[in-house]
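Visitor: Assemble chains F, E, L and D onto chain G, guided by the hints.
Chains as they are written, first to last, in the numbering used here: chain G, 1 to 336; chain F, 1 to 336; chain E, 1 to 336; chain L, 1 to 336; chain D, 1 to 336.
In short, the hints are calculated from the structure, not lab data.
Be a bit skeptical, because a hint or two may be false.
Given that identical chains are not distinguished, each listed pair holds provided it fits within a single copy or across any two copies.
Claimed, not checked - The calculated BS3-like cross-link candidates involving lysine-lysine, where the alpha carbons are at most 30 Å apart (straight line), are:
id, residue 1, residue 2
1, Lys189, Lys92
2, Lys92, Lys168
3, Lys168, Lys189
4, Lys92, Lys70
5, Lys64, Lys92
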Amino acid sequence: MLINCAVYQYGKKVADIPKPEISDYIEQSDAFVWVALRDPEPEELDEMREEFGLHELAIEDVQKGHQMPKVEEYGQTLFVVLHLLELDAEGKIQIGEVGIFVGSNYVLSIRNRSRTNFLNVRERCEREPHLLEHGAGFVLYALMDAVIDRYFPIIRALEAELENIEAKIFSGDSTTRASIEEIYMLKRKLMIVQHSVNPLHEAITRLHGGRVPHVCSPLQEYYRDLDDHLGRITHSIEGIRDMLNTAIQVNLSMISLSESAVTKKLAAWAALFAVPTMIAGVYGMNFEHMPELKWAFGYPAALTLMVVLDIGLWFYFKRAGWLGGSDQMITVKIKD
Amino acid sequence: MLINCAVYQYGKKVADIPKPEISDYIEQSDAFVWVALRDPEPEELDEMREEFGLHELAIEDVQKGHQMPKVEEYGQTLFVVLHLLELDAEGKIQIGEVGIFVGSNYVLSIRNRSRTNFLNVRERCEREPHLLEHGAGFVLYALMDAVIDRYFPIIRALEAELENIEAKIFSGDSTTRASIEEIYMLKRKLMIVQHSVNPLHEAITRLHGGRVPHVCSPLQEYYRDLDDHLGRITHSIEGIRDMLNTAIQVNLSMISLSESAVTKKLAAWAALFAVPTMIAGVYGMNFEHMPELKWAFGYPAALTLMVVLDIGLWFYFKRAGWLGGSDQMITVKIKD
Amino acid sequence: MLINCAVYQYGKKVADIPKPEISDYIEQSDAFVWVALRDPEPEELDEMREEFGLHELAIEDVQKGHQMPKVEEYGQTLFVVLHLLELDAEGKIQIGEVGIFVGSNYVLSIRNRSRTNFLNVRERCEREPHLLEHGAGFVLYALMDAVIDRYFPIIRALEAELENIEAKIFSGDSTTRASIEEIYMLKRKLMIVQHSVNPLHEAITRLHGGRVPHVCSPLQEYYRDLDDHLGRITHSIEGIRDMLNTAIQVNLSMISLSESAVTKKLAAWAALFAVPTMIAGVYGMNFEHMPELKWAFGYPAALTLMVVLDIGLWFYFKRAGWLGGSDQMITVKIKD
Amino acid sequence: MLINCAVYQYGKKVADIPKPEISDYIEQSDAFVWVALRDPEPEELDEMREEFGLHELAIEDVQKGHQMPKVEEYGQTLFVVLHLLELDAEGKIQIGEVGIFVGSNYVLSIRNRSRTNFLNVRERCEREPHLLEHGAGFVLYALMDAVIDRYFPIIRALEAELENIEAKIFSGDSTTRASIEEIYMLKRKLMIVQHSVNPLHEAITRLHGGRVPHVCSPLQEYYRDLDDHLGRITHSIEGIRDMLNTAIQVNLSMISLSESAVTKKLAAWAALFAVPTMIAGVYGMNFEHMPELKWAFGYPAALTLMVVLDIGLWFYFKRAGWLGGSDQMITVKIKD
Amino acid sequence: MLINCAVYQYGKKVADIPKPEISDYIEQSDAFVWVALRDPEPEELDEMREEFGLHELAIEDVQKGHQMPKVEEYGQTLFVVLHLLELDAEGKIQIGEVGIFVGSNYVLSIRNRSRTNFLNVRERCEREPHLLEHGAGFVLYALMDAVIDRYFPIIRALEAELENIEAKIFSGDSTTRASIEEIYMLKRKLMIVQHSVNPLHEAITRLHGGRVPHVCSPLQEYYRDLDDHLGRITHSIEGIRDMLNTAIQVNLSMISLSESAVTKKLAAWAALFAVPTMIAGVYGMNFEHMPELKWAFGYPAALTLMVVLDIGLWFYFKRAGWLGGSDQMITVKIKD
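If we strip away everything but chain G, and leave its shape as in the complex, we get (with noise of 0.2 Å):
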């Protein structure tokens, strides 16, 4: 689908044209044409390779999709994939592609699969017409900025994810299946993240620094801010991969802790039964000789006996801990 077909020169627009004409102002040297599609058809792919005489395999990569970001040059061409990421209502990446073609005078935008669009991107180039005069390389940095800024908001949820988990495993939450496929989760989209970010991070060092494509040159500056923003991304990716990993050890030795204190709990209440069951057997032996059950109280005393040492017993297990109680307080007490 046909977004936006225009032409610009000396940084403001000119006139939206028909796609038929645009190989026409591609010949003027002096003005550019910026061109936006959406989820095209395969003719209007096959248009566009005519009209901007652009390379069979770079199409085919934007036909099949599922391409990694990259920077690549065909002839004079440059050809830019990148990922567009979107968290959807359940929290899920959703992944779509911008395939980006920049001639030394036009630039041709082809999203697909991805609901984001580039309306205030035009705007803000509108906007800078001082940066605009640029041409076709100042878009690309443009599109490039904004494809790369909506991946701070991910990470920032990918963080609080984090945040969340380790909340959990310290809360004593964490030994459930639930918080550990939580960690899984996170650690899946952490990749996703990761695919669409490192592959561009390698490839944008292609557009700043030493030999650079002629269209990018005069904007050196900006193209490595860029390439500092995904130096950000990165870190902080390693960072919660880094952190997510320890965490799940972490995890395993509260699972062990946890399980730990189970057959503590066990063999605390094993003993509270334990102890009134023997007295009880003592008590029915048949012998004949036990003065004891002759006693007229001997019975509530036996039964006394019973109750005291199960209230002695509790109270030992529970200050060394046994019974759950004083390792909670503990935790309570350093988690404020």
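Guide: For chains F, E, L and D alone, kept in the frame of chain G given last:
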């Protein structure tokens, strides 16, 4: 076994030729010879070595097999080894090999231990005479492209296996020997694919970018596209690998958790038995003065006490999740 | 907030000047201006941008904050971002930032979210006029040196925390939730410091060695010394990190060990109860011909048997370490 | 001990010569001397040092032994150290060493602590005079090829050990001390091979590709082939290493799983005993009014109740896999 | 404290000189001065700085201590820092430092916090005048060689500790707190050695190979030999490190295994008690019609039944290894 032996000129097939004429055609600079062998006998290899003037070390590699994927130059001849991966009926990965010799006007492909054939490659080449005009370099590209394209379904199969394992882990089925074996076996398959892909990914950089063999130079974009494909495969492998390592750790947590659940169940049931046994013990004591023993409803009262206490305990344990109920309920809620 | 704005010439302070005169002094090549801001308002930043002619992307970085440490060149201007780390009262690490713009004859430092001030840096510079004569390059060095020097006490604090954790692990205190949380929190702090140090360590190589900004070139040894300091910090961080990972694993072993000790204790005590219960059961049988039941001392003999067996078992378990004694004794021996 | 000392010319052996004549022949540029020593005495080494004019540091390396594999140039002399690996009768890896000095017209090989001899290398060289004509460089290649070829069977032995360990893990035999020790010992052997192969793999790049020693330059393809062999060995080692690490983790899961199975068995059997004991306790109570006690078939009815309940429980536990049955059945199914 | 201060010419010692004359001799190009200090006072350092004209940053490094090993050039002066490692009586590693300043005709070594002296270095140098003739460069080599040679016995001590730990793990002694602490402490020591060796290994490449300081250039082979020594040490450290990580994991498996063994023992003994208790319970029931109760041999028959069943069970558990027997037997067999 000889599969094919033909001469091509200006992108079109000219003639099938007998093997002994190969060396004659190689001397003609405007035609190229394309020969395909399958599981060749040593004598056939010797014949080829003489016709094409191949290096003995390369021929030895083909004969011995079990090489790593590689791209080597012997003077003007390019020698490429690729792994052919196939999933057999039981989901195991079978590894075949193809060795390709490329000179300025010949291509010799020797396929070993694989049922995969390259008929479609020949068809594709003959359908695109404008590309086949580039000669041996394009045939090499087409063969490599065909081999690499067949890696994708294998990667997808491994991803499906991983998803299957994840589903098992979080449904609680993961705590069996069989599940752990599946995890291990997936790791093994992953390693096989990795050993086929990684060396090739490294080697392929010699065919595009900087100084490349003469025969590949007009097809830079095409070889870079192969590199890009291998990059995507490498990323997918890294992703599966990473998640699998996490799955192993998470599964250990799940096993510990289920162990803990077993201990809780044991403890709960032990308590359910211990309470009536203790009460029975008390009323089994032989004290002379135990008023309850003389009550008309003493026995049913005692039985009722046992049952009531056990029902109480049962609900208590049920609510605490020690009988396996509430924890699974939580899991179910999260899975939906 | 403006902290300071002064002109220096030949290594000595000449005058405090009002902000609007900055641009006048910058044009004089034999003097340099040193301006320090703290948590500036956007208007102040705008003013500075105009006076010094700074790049909008760099100003944006300062305004937004939360940058990674970096060294960037915007034409002749050097832009350096450093993290200011402080331990607060609860031992948490607070991260502030300082952005430093350095031109051939000016230094502008902008400090954000940090209580640390740089008064001592100015004093040090004024005390060493022979070095301050090198101009802006030396001021940059002195500021960086002051920031990096403040990392050392934080590293020492983390090392102390690690030693504290180690002491707990090997004294047996490590098997509580609180200890595991401490381990995790140390890892988190370590990560924060790492994210402040590593990018800076990478970036600082641009200030010495090969091609360096003009303003730094006469101070090569000094910048290399900073690199060396960062190298030591990096090594310490790596060391803590490595030991902490080992500590996590060792702690898990300790937890498993203590779980095993609990099971042993449970087993030992179960046996101590089971023996008298079994004997009591035997003498509670209702056989008609049980000679012991008629003995005058049958009952005390049975009780004695119970006690004697239990004492025997108790010593047996004590010696085997199942009651917690001997294992702890061994530990104590080793710790002394 | 001197093994051999011969002069070769135009790819053919000319004569065996006594040691003192070595230095005479070295001066002749069209012949080369090939000397082989085994476990030499210090005096023999001194003699060689003088005859060939070798560097004292290299001689010291040979004398002390326990060097890493390496390729060093001392002026025009090439000094190569290789490890000779052999599996002894108990499957342990024995490490010998061979030091090779190569000049433009001599080869001196000194073998230490190894039963492996190089007779077949000499035979191979003499069988291929067209290659031996390349002189000392080819002899070096032939020696290195022989050494490296002997690494393959060791790699295969380690792979077989890994498969053996895998079979044990998934058959359930892995939960014994002996199995864990086998895993550890395989890791150790792997490390030994790795320490013999990795430094050599790094060093061998100096013998082909870019700037290479004069003596190796006409044999580029041959040295690259050695590099390729080492690459395959390195890949195999990495593979075993990777799978072994996974095996260690998987085995821990298996141990936890089998622990869980033991606990289940314990719980099941405890229940099977607890039910009759509880029923017996109930009918052991001393209430006056317990109608069942007076029934003629009360006792057999009670026994029947016990047996019936236990049979029911037994089937229940069997089906749930708590008695070890069904889980193993699943495993068996999967293994076939 | 001044240890030594002497002038050397043509490889031989000429005279001991007083400190103030140092600067005079330095100006003579055909002699060189060799000064050794130990734990110097600040004033001594100041004196040296003036006599030799050293850089203040280097002097500061020596004064503060706790530097990483490094090789730095200050103009024509080479500044080398090395760690001196010693094992004290309790097996702990003590870290001293030596800072060496090397100019074209002087060597100044400053040793701190170490009992190791360099007398033998001076002796060695004076014994080899043909090498000492190379001047300061050879003295530096000799000092570094002496320092690095002292790392080998420490590596061997750590290897011995690792073997000791392995022996404990596989003999079953590893499941105590003390063993785990030993593992951890070995890791710590390893880290210390690593932090002394790795930076030095990196730094030493500046003294041989490409562009090297003038003073080292005629001794390339000697410095490369030091690099080789450090390479061997690094390999050994990597090996110990790798095996230690494996040992930690294997030990955790062993602990889990021994925990499992405890649970089995608990289960077996519980069964041995439960059987007689159950039988006693049955015959403790109060049914009127229980024929066995009236049998003359009913009581001994019941006791016999209990004993026979327990003996049967005991053999069953013994064979299954649940009483600790057979598993240990297997282990013993494997160890021999």
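Visitor: Hint by hint, note whether the structure agrees.
Guide: Results for each hint:
1. Lys189 x Lys92: both (8 Å within a copy, 28 Å between copies)
2. Lys92 x Lys168: both (20 Å within a copy, 20 Å between copies)
3. Lys168 x Lys189: both (19 Å within a copy, 19 Å between copies)
4. Lys92 x Lys70: within (24 Å within a copy, 33 Å between copies)
5. Lys64 x Lys92: This pair counts as both: shortest intra-copy Cα distance 23 Å, inter-copy 28 Å.
In the structure shown, no violation is registered for any of the earlier numbered hints.
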